[in-house]
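Chemist: Residue numbers (the numbering used here), protein chains in the order written: chain A, 1 to 329; chain B, 1001 to 1533; chain C, 2001 to 2337.
FYI, nobody ran anything at the bench for these hints, they're computed from the structure. Since the structure is predicted, the reported quantities are computational estimates derived from the model, not experimental observations. The beta-carbon is built from N, C-alpha and C at its ideal position, and this holds for glycine as well. One or more of the hints may lead you astray.
[What the hints assert, rightly or not] DEER-style ranges, computed between Cβ atoms: (1) B:G1425 to A:W99: 52 to 58 Å; (2) C:G2049 to A:W156: 26 to 32 Å; (3) A:R124 to C:V2042: 28 to 34 Å.
[Claimed, not checked] Facing chain A, a subset of chain C residues (Cβ under 8 Å, in silico): (4) I2111; (5) P2135; (6) S2145; (7) G2149; (8) F2265; (9) L2279; (10) S2332.
[To be verified] Derived list of chain A stretches under chain C, where covered just means 3 residues or more per stretch with a C-beta under 8 Å from a C-beta of chain C: (11) 81–87; (12) 92–100; (13) 134–146; (14) 257–265; (15) 289–297.
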Amino acid sequence: MPDLAYAAAIVRRSPLTVVVALVVVLLGVNLGLSPTMLSGHQLPNTVNLLVPSVLVAMASVPAVMSGRGGIDLSVGPLLGFVNVVLVGVLVPHSLGSVWVSLPLLLAIGAAIGLVNGIAIAYGRLQPVVVTLGSYLVLSGLALVVMPQPVGVVPHWVTYLSGAWLGGYLPRSLLLVVGALVLWRFLHHRGAVGTILATGSDDRAAFTSGVRVSRVLCLAYASGGVFAALAGIGLSVLIGSGDPTVGRQYTLAAVAAVALGGNALIGGRGTMVGPMLGASSLFLIQTMLSSLKVSSLWIQVVYGAVLLFAVCGNAMLATRLSARPKAGLA
Amino acid sequence: MINSEIQDVTLETAEAGVGETPVAVSAIVEARGLSKRFGATRALVDGSLSVAPGEVVALLGENGSGKSTLVKLLSGVLSPDEGQILVGGTVVRLRSPRAALAAGIVTVFQEILAARDRSVLDNLWLGHGSPVLSRPAVADRRRLATEAWRRLSAQDVDLDRPLGELTLMEQQICVVVRALLRDPKLLVLDESTSTLDVELRDRLFDEVRRRAADGMGCLFISHRMDEVMAIADRFVALRTGQVVGIRRRGEVDARELIRLISGRDVEAGARRTGTGRRGAPAVRLDDVTLRPGTRPFTATVSRGEIVGLAGLEGHGQDELIRCLAGLHTPHSGRVYVAGPKGRADDDPAAVTNYRSGVARGVVYVPRDRKVEGMADVLPIIDNYSMPTLKRDRFAGVLRPRRTKSRFQRDARTVNLTPGRQDSIGRLSGGNQQKVIIARWLAAEPRVILLNDPTRGVDLKTKHELYDVFRGLADAGAAVVMLSSEVDELVHLMDRVLVFHDGSLSAELAADDVTPESLVSAYFGSPAVVAGGH
Amino acid sequence: MSVITAVVPPRIRNLIEVSPRARGALTSGPIQIVTVVAVFLVGAATVPGFAQPFSVKAMLVIASFLGIAALGQTFVVLIGGIDLSVPALIGAGNVIGARLSGEGMNSVEVIAIVLVVGLLVGAVNGLVTSVWHLPPLVVTLATGSVVGGAILIWTNATLSGSAPTWLTKFTSAASSTGPVPVAPVVVLWLALAVAAQVFIRRSRPGRQIFMLGANRQAAELMLVSERGISAVCFGLSGALAGLAGFLLAGFTGAGLFTVGDPYLFQSIAAVVIGGTSLLGGRGGVIRTVLGSLTLVELTTLLVGQSLSSAAQQAVLGAVIVCVTALYGRDRSVRDRI
Chain A
1 MPDLAYAAAI
11 VRRSPLTVVV
21 ALVVVLLGVN
31 LGLSPTMLSG
41 HQLPNTVNLL
51 VPSVLVAMAS
61 VPAVMSGRGG
71 IDLSVGPLLG
81 FVNVVLVGVL
91 VPHSLGSVWV
101 SLPLLLAIGA
111 AIGLVNGIAI
121 AYGRLQPVVV
131 TLGSYLVLSG
141 LALVVMPQPV
151 GVVPHWVTYL
161 SGAWLGGYLP
171 RSLLLVVGAL
181 VLWRFLHHRG
191 AVGTILATGS
201 DDRAAFTSGV
211 RVSRVLCLAY
221 ASGGVFAALA
231 GIGLSVLIGS
241 GDPTVGRQYT
251 LAAVAAVALG
261 GNALIGGRGT
271 MVGPMLGASS
281 LFLIQTMLSS
291 LKVSSLWIQV
301 VYGAVLLFAV
311 CGNAMLATRL
321 SARPKAGLA
Chain B
1001 MINSEIQDVT
1011 LETAEAGVGE
1021 TPVAVSAIVE
1031 ARGLSKRFGA
1041 TRALVDGSLS
1051 VAPGEVVALL
1061 GENGSGKSTL
1071 VKLLSGVLSP
1081 DEGQILVGGT
1091 VVRLRSPRAA
1101 LAAGIVTVFQ
1111 EILAARDRSV
1121 LDNLWLGHGS
1131 PVLSRPAVAD
1141 RRRLATEAWR
1151 RLSAQDVDLD
1161 RPLGELTLME
1171 QQICVVVRAL
1181 LRDPKLLVLD
1191 ESTSTLDVEL
1201 RDRLFDEVRR
1211 RAADGMGCLF
1221 ISHRMDEVMA
1231 IADRFVALRT
1241 GQVVGIRRRG
1251 EVDARELIRL
1261 ISGRDVEAGA
1271 RRTGTGRRGA
1281 PAVRLDDVTL
1291 RPGTRPFTAT
1301 VSRGEIVGLA
1311 GLEGHGQDEL
1321 IRCLAGLHTP
1331 HSGRVYVAGP
1341 KGRADDDPAA
1351 VTNYRSGVAR
1361 GVVYVPRDRK
1371 VEGMADVLPI
1381 IDNYSMPTLK
1391 RDRFAGVLRP
1401 RRTKSRFQRD
1411 ARTVNLTPGR
1421 QDSIGRLSGG
1431 NQQKVIIARW
1441 LAAEPRVILL
1451 NDPTRGVDLK
1461 TKHELYDVFR
1471 GLADAGAAVV
1481 MLSSEVDELV
1491 HLMDRVLVFH
1501 DGSLSAELAA
1511 DDVTPESLVS
1521 AYFGSPAVVA
1531 GGH
Chain C
2001 MSVITAVVPP
2011 RIRNLIEVSP
2021 RARGALTSGP
2031 IQIVTVVAVF
2041 LVGAATVPGF
2051 AQPFSVKAML
2061 VIASFLGIAA
2071 LGQTFVVLIG
2081 GIDLSVPALI
2091 GAGNVIGARL
2101 SGEGMNSVEV
2111 IAIVLVVGLL
2121 VGAVNGLVTS
2131 VWHLPPLVVT
2141 LATGSVVGGA
2151 ILIWTNATLS
2161 GSAPTWLTKF
2171 TSAASSTGPV
2181 PVAPVVVLWL
2191 ALAVAAQVFI
2201 RRSRPGRQIF
2211 MLGANRQAAE
2221 LMLVSERGIS
2231 AVCFGLSGAL
2241 AGLAGFLLAG
2251 FTGAGLFTVG
2261 DPYLFQSIAA
2271 VVIGGTSLLG
2281 GRGGVIRTVL
2291 GSLTLVELTT
2301 LLVGQSLSSA
2311 AQQAVLGAVI
2321 VCVTALYGRD
2331 RSVRDRI
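With the hints as constraints, model all of the structure from the sequences given.
Modeler: Below is the structure:
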């Protein structure tokens, strides 16, 4: 019995409980409905659909972690902008080769994230306002660069849409792996810990010698890199340029972060949670379409799941945060 | 011993108020003529100070005397308007805490500044190195952290637990250990002992002495005279932003230090006695325990008297005053506050919750003005009128003229002069407190609960507030006031309830309240109180 | 200030302005008034026909839809929240209004239903956020998604219903309100703004909104009910969004579920440009009226510069950030120690 109680405590303490349960259930239901979903034949399509959502959820994680109302609403348009720049600018100027375009796109993502970070950290502006501004700027710019969906993606992007091992290892996963490697690197170097510490209490971080403004810039810039990878993922998925599709990813990303159990006030959270959150949103969609439910229902189900998950997380968290009262020492 | 000469030099010049201080070659850190103002308030004027290797300097002063400003300047949080800071004889500009840390000045701030969501280990090493360019050596960090922790505390800690799950005392240990891990040249301890128990405090002092023997300097700030007397080699006293005296160990006793800090000569005989008339009991505590396992106690407060609550930080007085306000529930026992007729009847309605309490005239002035007491972006008038707006309605519409006339009346009572549209955040601490008190005057209070209302309030305003409190009591209110200031307890209160270990340990009548009797009661020895009188 | 003095009869003016606080809100916000005038002058100078009576009337009509929705958003922002369910509720108001009117229901009843739906959804937002202390951003995103989805299902994602004929006239830039040569919807907007101003200045809950937004903990100790005030603010936001959607039916002719989409960020932008702080506790509804005017003027100006809608958006984004930089900065970490 004590073991059970211990396990129960672990489950209750983990912010991942809700989302892991959600993914397991949804995956089970999905496999029950269409057992071929994970077959070599269908897997690459499934994964290609999933990759941009997962990456864009990852992109909004560092900003949320960094606290003080941190959020990055511009990740959606940024992903669209990267897609448009790749197809509408780089390819026509024969800069589409992987060695030129990939670093360039990642640099664009980092630079835009950095600009957000500078306005927030040094300008001391509200993250919502700054990233709302860049949301509009980027969606506008994407349309200026490419008024209509056109164009073709370079060869290396097409290559990423395929799979190895008879379809069981979709190559678009490389983008997610790339993002995870970068995140692991930041983790190893202590950067993630510093971002979280800053989000938890920026005054403590500041007085301990953390350069808080730089940390915020790092958070937003790394988010920008993930968004750029998501943009490449989108290019893999649609195989062309589309200036309007990106922005709809923003709200899904926020939803994925909240579903994943990350506190929107910052300081706490994981990278895995939002990735699973994005996956569960995706699985809801596939489940509904396998059930032949009208696609109109998706939005309602999304909203309801999000609401319940956030309330569930909040109730678990209030039990957790019963901190020792002042004066009991 | 070599240092004493230099100390003497510094001492003399500072005493004489000469700006040109000769370079104290061996001082680790020296502050010369530091000044800082916030708007119209001069927080620190010409603050000079030096700490030699191996020396523990106590910085003394009341709240608002400029201590924390000086600490913030030394730790790089703020930059001085004038003056210089020298480290090892060279002038440095401490633009950020990072720069101060790099210069070897490590500060433990008054408030526990820690990332509560992060693990103990992360907190201990917060801010070391660069988050991208260097890689933390986790195994080493663990070992060093455990070693440093064991020097201070007999109990080990799980380094991987989130810091927010630790007790307040463990959190305090954590921020002290974090500072020690930096191998400071100058360790600044700003009220870092207030949540430590005696055993831990002694271990901390041993550690400070051990490190001082190796050449570390320490700037020690505490309100507790016994601590200051136990550890400091030299005392620097600040009053209203200025250095008013520097004394060496052995030259002075605690009494003289207090005189130096408070400038008491001016205030001698400022005792405020009321009419002495007592009304019916308005507050009654029946066999109350505040925490599990503490001794139950019984007490009453009558209308017309001012009763002080005192004790060392965290010994139960704060919980009690919050219980009376209906913001905290006692562990057991019953609390009656202002029943239907304002008496502490055995009426269940007298067991209070905050809102119903206010309706019955129980008002509470919280301890932390910024957090609980006011909204600093809003004008004075809003901060004044918010809980009593109902009175200004006519047919559902607020009449600003009514609010205004009410405000003018109550502002006069508390001697508040600023215009009502000014934002409250721009006022001095004292005037802010006046607004908060005026706010509750409007609620026609029967029981007034004041949680350390004069913290950070300057001397003049303090005395104005005392007059207001006395006036309220004379008008028939029961006033319960938590105070951390000995002076105030001695001069204002009709009775003082002293708390120790979560329970009432001594009840002193006005004539028995002396600094000595209070301090010994703080440490839980009422016997001494009786003998000391 | 002069604008208001000119339009509003003295007795009502007295009611709004006798409070020096209200005067302070206007005089401390001259930037907003200057911005409205300056953008107008730039437009008049550079865009042919910009200052023509008809285009001014058209701008006012467009501003009134935005303005009504942004008025609601202001209440939420004043308590430090944000309402992302506005577009869904605009869509809901639009579709419900057009469908029920198309089925021949009395317009008074239709408006009542629209308002109640908005009020209820908003109140749910307010209660969920305050009871569990959840971020309004996520909660309103979720409820907005549910409402928007429900409307989609109800209408099967098609254009449906029809606006009553009076509404078309009510919102037409060519019509006038009695002797006043602007569309009735504009008058309605300004009347609502005046009512909102009276509410926040001269009612107890109105004053409590500011206290709650400025300091939640202190507000609780000053007898402000966090749940009550949150429900009121989000409720008003929902109801006004619904109303804006209903009025938009006069413009769109039929019920269109996506009609609210542009208002997600526009309503927030109007509030922010008006100078209400997203941190809560600072700002006001008259500022949002000016913010809505500025935003519509800017858009028209950018159209007139023959910028594509894409470029307009980009410029708008930059403008929002720059404007907030003027008065919406956070406190530095140094000042919080």
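Chemist: Run every hint past the structure and note whether it holds.
Modeler: Status of the hints after comparison with the structure:
1. B:G1425 to A:W99: 52 to 58 Å: Taking Cβ atoms as reference, B:G1425 and A:W99 lie about 56 Å apart, which means the hint holds.
2. C:G2049 to A:W156: 26 to 32 Å: violated (51 Å)
3. A:R124 to C:V2042: 28 to 34 Å: holds (29 Å)
4. I2111: This hint is violated: C:I2111 lies away from chain A, its Cβ roughly 25 Å from the closest one there, beyond 8 Å.
5. P2135: Hint holds; C:P2135 Cβ to chain A Cβ min 4 Å, cut 8 Å.
6. S2145: It holds, given that the least Cβ distance between C:S2145 and chain A is near 3 Å, below 8 Å.
7. G2149: Holds. Min distance 3 Å.
8. F2265: Holds, about 6 Å.
9. L2279: The hint holds - C:L2279 has a Cβ within 8 Å of chain A, the shortest such distance being about 7 Å.
10. S2332: holds (6 Å)
11. 81–87: violated (count 0)
12. 92–100: violated (count 0)
13. 134–146: Three-residue rule met by the segment 134–146 of chain A, so holds; n is 11.
14. 257–265: holds (count 3)
15. 289–297: Result for this restraint: holds, n = 3.
In summary, the numbered hints that this structure violates are 2, 4, 11, 12.
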